[in-house]
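Guided by the hints, dock chains B, C, D and E onto chain A, whose structure is given.
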Amino acid sequence: MFPFCFEWVWDMPHMVFMGGLWYALSIIGAGLTFAVVKSIIDMKSHDGQNQEHH
Amino acid sequence: MKEKHDYERARRYGMVIDLDKCTGCGACMVGCYMENNVPFKPDETNKLDSINWIRVYKLNNGKPYPETEICYLPMPCMQCDGVDLHGHSPCVSVCPAVATDYDDDTGIVSQIYTRCFGCRYCMAACPYHARKFNWWDPVWPADMKKALSPDVSPRMRGVVEKCSFCFHRYQLARNKAYFENRQNEPLGEDDYQTACAQACPTGTITFGDLNNKAHAVHQLKTSPNAFRLLERLGTNPKVYYLTAKNWVRRQGDNYLTDEEPGKLKQKR
Amino acid sequence: MKINRRNFLTYTTAAALGGAAGTLLTPVPWKLMDDAAIWTQNWPWTPVPEAGPVSYKPSICTLCPGGCGIYVRFSGNRPVKIEGMKEHPVNKGALCPMGLSGLQYLYGPDRVRSPLKREGKRGEGKWKKITWDEALAAVTEKLASLRKLEEPQSVACITGMEGGTLPSLIGRFLTVYGSPNLMRQATAQDAGAQAVFLTQGKQGTPGFDIENADFILSFGSGMLDGWGAPGRMSRLFGARNTAQRFIQIEPRLSDTAASANRWIGINPGTEGALALGLAHIIVKESLYNKHFVETFTFGFNDWNDEAGVAHTGFKALLEGYGPENVSRITGIQEALIKSLAREFAGSSRPIAINGRGKGALPGGMNETLAVHALNALMGNINKTGGLYVIPELTYAKWPDLGMDGIASRGMRQPRCDGAGGDLFPNSRFLLNRVPTLINTTKDGSPVEALLVVDANPMYTLPDTAATRKAFERIPFIVSFSSYMDETASYADYILPDHSPLERYQDVPAPAGMSHQVISLAVPVIKPLYDTRHTGDAFIHMAKALGGFIEEAFPWNGYEAFLEDTLQGHWRILKKKGVVEIIETPAASDRFTFNTASAKYEFYPTARAGTGKRDSDVLPAYAPAILDGDEKTFNLILIPCDSIRMAGDHMASSPFMTKTVDDTVLKKQMTLVEINPATALKLNLEEGGKALLKTPKGKASVLIHLYEGIMPGLIAMPRGLGHTAYSEYLANKGTNINELMGPIEDPASGLDMAWGIRAQLFRV
Amino acid sequence: MNGMPLIPAGVNRCSKRRFAFWMAAVTAVLVWGVYAMFLIWYKGLNQTRMNDAYGFALWIWADLSVIALGGGAFFSGFLTYIVGKDKLANIINFAVIIGFICYSSALLILTIDIGQPLRGWFIFWHANVHSMLTEVAFCLSCYFAVLTIEFIPLILENPRLAKKPFLNHLTHNMHGVMPIFAATGVFLSFFHQGSLGGVAGVLYGRPFAYREHVFIWPWTFFLFTWSAAACGPCFTILGIWLTEKITRKKLVKQDVIRLLAKISGWMIITYIIAKTADTLYWAFVTAPSRGFTLMDFYSSPTYNIGLLFIEIVLCGFVPGLILITRKGRENAFLLMSAVILAVMGVSLNRWVMVLQVMAVPLFSFDDWFTYMPSWQEVATTILPVAYGLIVISLAYRYLPVFPQEQELNPID
Amino acid sequence: MGSNGHHHAASTKATPDSAIQASGWGVGLFFMIGFAGSLLAGWILFPEMLYSKKKQPIDFNHAVHLETVSDGCDSCHYFEKDGSFTGMPDLSKCVDCHESAQTGNPEEIKFVDEYVTPGIEVPWLNYSKQPDCVFFSHAAHVMGAGMSCESCHGDIGTSEHTRVYEENRLTGYSRDIWGKNISRLGKPEPGAPLPMKMNDCAKCHEEKTGRKGACFQCHK
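Residue numbers (the numbering used here), protein chains in the order written: chain A, 1 to 54; chain B, 1 to 268; chain C, 1 to 763; chain D, 1 to 412; chain E, 1 to 220.
If you are wondering where the hints come from, they were derived from the structure by calculation, not from laboratory data. Computed from a predicted structure; not experimentally measured. Don't take every hint at face value.
Unchecked claim - Listed next, the in silico DSS-like pairs over lysine-lysine satisfying Cα-Cα at most 30 Å (straight line): (1) C:Lys-31 with E:Lys-212; (2) C:Lys-469 with C:Lys-129; (3) D:Lys-43 with B:Lys-146; (4) C:Lys-57 with B:Lys-47; (5) C:Lys-681 with C:Lys-57; (6) A:Lys-38 with D:Lys-163; (7) C:Lys-666 with C:Lys-148; (8) B:Lys-146 with C:Lys-128; (9) E:Lys-53 with E:Lys-81; (10) C:Lys-142 with C:Lys-129; (11) C:Lys-92 with B:Lys-221; (12) E:Lys-81 with B:Lys-145; (13) B:Lys-245 with B:Lys-263; (14) C:Lys-86 with C:Lys-526; (15) B:Lys-145 with C:Lys-117; (16) C:Lys-666 with B:Lys-47; (17) C:Lys-121 with C:Lys-469; (18) C:Lys-92 with C:Lys-121; (19) C:Lys-543 with B:Lys-41; (20) C:Lys-574 with E:Lys-81; (21) D:Lys-85 with D:Lys-16; (22) B:Lys-221 with C:Lys-469.
For reference, chain A alone in the conformation it holds in the complex (with noise of 0.2 Å):
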């Protein structure tokens, strides 16, 4: 799972699977953490006041 990992060899395989990995988590990690931070910023600017959507 990481480079320092027993198993871990930098090969192909390595790179392609455990990059399709990495590249996931991080696109869910960076989408929850702007959804997140935009929050408090958008609560702190609208000061507590509740958003209409949709």
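Quick look at chains B, C, D and E alone, frame taken from chain A:
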């Protein structure tokens, strides 16, 4: 260093089992149990949850009395080299946690019980049913624990185990070779033998390095009577069988009605 | 910022989230996750075998009469494995599953760990631990009281078939005590020994030089099913060269038959007829060794005795065994009988062997004589590739016995099994007759006290129900077994012997071996439990009985006795574990026979006597009268042996049982083999449940369809159905002895049963 | 905290009492399953009737099936957020919930199915990238994370939670980035549905399962993804239909259902044609090269050739043809029959690819292997059903799952 | 609990509505409290709790022994003829010199009285004990690779007292295997024993032989 490495890669331990010599006595199984700390339960008659690293199958030619013939077939782990001999044996490539691995030095497929988390994918992958799962916690009654060998670690429930070609004996032989400063020489045939080969009273099982001309298996495997089990699946087993009986050979693999064993080589 | 009820939850949640986030940045979750996995890798209930320096100790396997050489591998001071001894002349490294799993007998839960005295009812399993002093005193007291009553002959002792000097020691004890009743269960080897005595006048066991024979004709001997020394037989089979022919004759495709060059199915129990039929052809076609027959044999041709009475010879007997007749009896085609006879006679070193399966059942004397006659016809007596006689080992002289009147009178009493009496003068032990004799005695039992050593008659004797009934009538039973076997669990006292790896035991003649090999099993470890060598126990009892009985045992223990007995061999045996005596008989000796005629007797004069007709003396074939009427019991049940199962007094080890196929044993049920054609008639299916009935008993069994068995037969494995021992060995299937009774051979009194009539119902 | 409504505004829900009664009944089943689960964890897999021949059994089938059926979530997400089928926004919530249930169940089953649950994390930490199972585990857990993220905004729309400003903003912002999550979900789903197919397809020691490869993937890889995308929406439709029957309300407009059914129908038809081609190639080329005829694989009374017919024709072509025809979609009976057949078909396919693979003997001296699950296996397999019912009930009661509900069921 | 409830009830009345809602700063503060608290607990308290501390049965002085023996470490820790390594010497080896106490050292007297005289093996706690699944060839490392004892076991030969043995309460293994440092970051102090987890073996193997080695190289 490089040369040594290449030399080591050249080793491929394997077995030649002469079915015409096997009397079905079961000594290989018992020798294996004792050597490898194989557990036992009060009832071992359900062969599908009975741990055997080598199991002797009883084949028959299906003919009525008195034309009936039977043949015993000892089946350990085939230590497959896998498609194109790359070490991707059916089991190794599927293990999600690298609990089973192909050792390039010896060609032996390892199984690390403490790494295995019991998904059993390797068992689904193995066409030979060589792999056994520890459905139960192993229990050694009374003083039977005292008979356990320290060379092989006892398994816990929930993991898969299988024949290792008595790899610990290879380790011990190498250990001795280091001590005697002959680690760069090839191991002799007698230095490393499996427990089943040693226990077999009729000399049915011959074990050695298939790539080493000095070892008996090197020559035996080229016999016209030699075949391997389910060879057509492309598993490339390192266990060869010898028999002069065509019906036995036919049962060792699958053939369409118009196919003859031994005449298919050019096809693949 | 105020904390109140409303925001308390929010703040707590915040703190918890902070805590969770922080914890993820500490080693706690990660280290615990790793350690938890490591914990599963070292569960406290998964044993960790202690490592120690590796060493090997040589000894002999004494789990069966084979006497194979073994090495016990040690890790530190723990024996961890048994491997075959390459240098041993018997097995040369080969071992059977029983020998390989020998450590399970040492460490197993079936061991009796101290002397026990019965509490509660017999066989109930309630025991009281007692000391050795108490145990020995109790037995000695009983023996002393019987002696006082002047009934020493009412003490009987059953020993195992392992041989060695221990039975001699016990025999000596019984002799000075005053009882002739030393017994053991007779085997095919005993039948062979009697045949050797009758034809050659020698006391000894037959040895077969299979190593050098080029044509082996086995009349149902399970050469690879545990016959003789299994290690030797397997090794011989593996090393067999292509010139060697091996023909197996039996009604079922056994593992031996499967490995033979040719398997010939035969109607069960007609092997004697076939042997005579083969002899017929050999004689008719003059294929026999004329020089030997004419010069060194007696009774081949018709002859007149000193009184001038004309007698029929062996040749005349054969007249009645023409191929047509024999084919009808045996079910073998005439042409095959002829070709078999020619092939046998045409070989340079053919040998004929009999004794069914492992050889645990003696079989009929005439059959054994007929098979031996085949060897004699070819002159293959006492020569390479032929039949040898292994003489009984002559031990060094022990001090002379002094005997009082009680002892002498006791020794003159007839044996309780009738062996050696008027009826069966040539038999030495007829344990198979004892249960019936006890059960038919009106009041009391002729046996007042029974000592059982290395034997388990309550399991091994045919007709278990009758045996049990007889044992119920024996007031005092002592078992010296190391294991809680059927007899031990029924005894009043158990004085446990050491287990094989803990004790000395000499093996003077491995079963079936063609020459003398004396081996010595030595204790490789100190006894694990509070056990004592049975030899020591007997010496102790002799000393306690005092007087001349004590004087007959000047040794301070069994080891000293053994040393004294083995004399010159002792030192070599202690050092090497084995003495091999290959005495090729000198040309002159080869044909020295101790019979009345000083020749090999086709007509055994030792069997002749007043009122005996020639047809009683010559080995004619007579069909065995099986129990049960043919109409009701329309099938025949035969026992079958497997090297994966122990058939005798020892139960199979857990590992042996583990190797047994699920077509033999499933859960707690025995599978019986039956031909699919027969099964079809009886509406039986593979794996189906059935009730098996014989005149002796009934059992629930499962069906296994097997093409390799003659239609009309049912084969049942021997060695299952133990009722004692631990859960690892007990309650596995049916003991065939519950279904089969003995059939007394009119010629020898030995058990000649090879089967019993039976019926099988689908349930 | 009290006073604020828990039930979304503008909709009717059954009485608390009735709801509690229903929940108690389902919870009883759940507790039975949980008990069995703990038994298995405590005593080990000997509580099952799996054996060395049947290393994969009921659970793995259940696992593969729920994942296939949960495929409605990713495929609906794909259609809604990426293709832009806006109409499907009306069922996307429900599809996500079904997906969430299916995937959480699948993960739960996996934790009981392994012999050493405490070492389960080895599959991530010590991953063997060549193993299809690793790919399954990775994509499965990542996609489960995605589904959770997709589910969260819906939870946050519960009127009581929606009052919290932070959560309110969070809902809004998560909706904003949802297409990205959906895309990631589609990517992950594509691979793990496929790798589940690969699990069987790469087994070259098992000629019944083995399929020829395209690059590194066996044909089953694509067939599994395809069939999940095809039949998953049918399961969503089935779920909606059942919810409507139980609540006795119309919750989704028929045109939405029909659109989904139409897409599903075309997916099924194309899938089953591909599946047929695959089967023919396998039967006439792959298997014979290993010495097997097709009928060797169907020689058991249980596993006979009828299964193949049922899977391909009855549960493949039939529902596919119904769903691609307008009349078929507009006839309620035909529509639901097709939906049920499709769901059965994909489940049967997973059954065959797990259990029949194990049952087929490879040696002529072996017999067909048989297996009957123990009650513990059955209980733990039913457990997810009870769990799913609980989640759906709670979600339906407290969350605005069906945007069209208010419109279709106006409160007087 | 009760008093808390009372406090809350009392304060609710007096607070304005805005304070009833949790304040952003308050949430942040509590978050930080939880965060910092768990960090402290995880990094400081946890390692203390994870390991139990055990004393060796005898306080063994390696330094003194090394002075008196002729063959260095090999005098007591040696190879058998089959190439296996004996590890901790058993009592029979000690008895060669210590049949009776040689000095007035109380530890030695204790050793003789408690172990030598009754013939009981000393239950030494092995700092380097590997799990049962591990096969370690001393011969390969010492004979083959020419490594010294110190290179893995540290300067144990110069120690005058036995160290406290820290046993992982969960796994039962010595802390030495994991490495003293709970984070396993940084290098062990010079002279200290090396950590002996599988990764440590693999790292060295990769450096020295170019390969981490196959599983069966070190597992049994």
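So, going through the hints one by one against the coordinates:
1. Straight-line distance between C-alpha atoms of Lys-31 of chain C and Lys-212 of chain E comes to about 23 Å, which keeps the hinted pair within the 30 Å bound.
2. For the given pair, Lys-469 of chain C sits about 27 Å from Lys-129 of chain C by alpha-carbon distance, which is consistent with the 30 Å threshold.
3. A distance of roughly 26 Å separates the Cα atoms of Lys-43 of chain D and Lys-146 of chain B; the hinted pair therefore holds under the 30 Å criterion.
4. Annotation: proposed proximity of Lys-57 of chain C to Lys-47 of chain B is violated, straight-line Cα distance about 35 Å (limit 30 Å).
5. Distance restraint check for Lys-681 of chain C and Lys-57 of chain C: the Cα-Cα separation of roughly 57 Å exceeds the 30 Å cut-off, and the hinted pair is therefore not satisfied.
6. The straight-line distance between the Cα atoms of Lys-38 of chain A and Lys-163 of chain D is roughly 18 Å, inside the 30 Å bound, and the hint therefore holds.
7. At roughly 53 Å between alpha-carbon atoms, Lys-666 of chain C and Lys-148 of chain C are farther apart than 30 Å, so this suggested pair is violated.
8. Pair hint Lys-146 of chain B plus Lys-128 of chain C holds up; C-alpha atoms about 27 Å apart against a cutoff of 30 Å.
9. Our distance criterion of 30 Å between C-alpha atoms is broken by Lys-53 of chain E and Lys-81 of chain E, whose separation comes to about 37 Å.
10. For the hint linking Lys-142 of chain C to Lys-129 of chain C, the alpha-carbon distance of about 19 Å falls within 30 Å, and the restraint holds.
11. Using a Cα cut-off of 30 Å, the hinted pair Lys-92 of chain C and Lys-221 of chain B holds, with the two alpha carbons roughly 26 Å apart.
12. With a C-alpha separation of about 27 Å, the suggested pair Lys-81 of chain E and Lys-145 of chain B falls inside the 30 Å cut-off, and the hint holds.
13. Pair hint Lys-245 of chain B plus Lys-263 of chain B holds up; C-alpha atoms about 15 Å apart against a cutoff of 30 Å.
14. For the hint linking Lys-86 of chain C to Lys-526 of chain C, the alpha-carbon distance of about 25 Å falls within 30 Å, and the restraint holds.
15. A threshold of 30 Å between alpha carbons decides the hint, and for Lys-145 of chain B with Lys-117 of chain C the separation of about 29 Å falls inside it, so the pair holds.
16. In summary, the hint linking Lys-666 of chain C to Lys-47 of chain B is supported, as the alpha carbons are separated by about 9 Å, within the 30 Å threshold.
17. For the suggested pair Lys-121 of chain C and Lys-469 of chain C, the alpha carbons sit about 15 Å apart, so the restraint of at most 30 Å is met.
18. Taking the CA atoms of Lys-92 of chain C and Lys-121 of chain C, the gap is near 48 Å; set against the 30 Å cutoff, the hint is violated.
19. Taken as a hint, the Lys-543 of chain C and Lys-41 of chain B pair is broken in the structure, with Cα atoms around 45 Å apart against an allowance of 30 Å.
20. Among the hinted pairs, Lys-574 of chain C with Lys-81 of chain E is consistent with the structure: their alpha-carbon atoms are about 25 Å apart, no more than 30 Å.
21. Of the pairs offered as hints, the one joining Lys-85 of chain D and Lys-16 of chain D is violated, with about 37 Å between alpha carbons and a cut-off of 30 Å exceeded.
22. Distance restraint check for Lys-221 of chain B and Lys-469 of chain C: the Cα-Cα separation of roughly 60 Å exceeds the 30 Å cut-off, and the hinted pair is therefore not satisfied.
When held up to the earlier numbered hints, the structure conflicts with 4, 5, 7, 9, 18, 19, 21 and 22 and fits the remainder.
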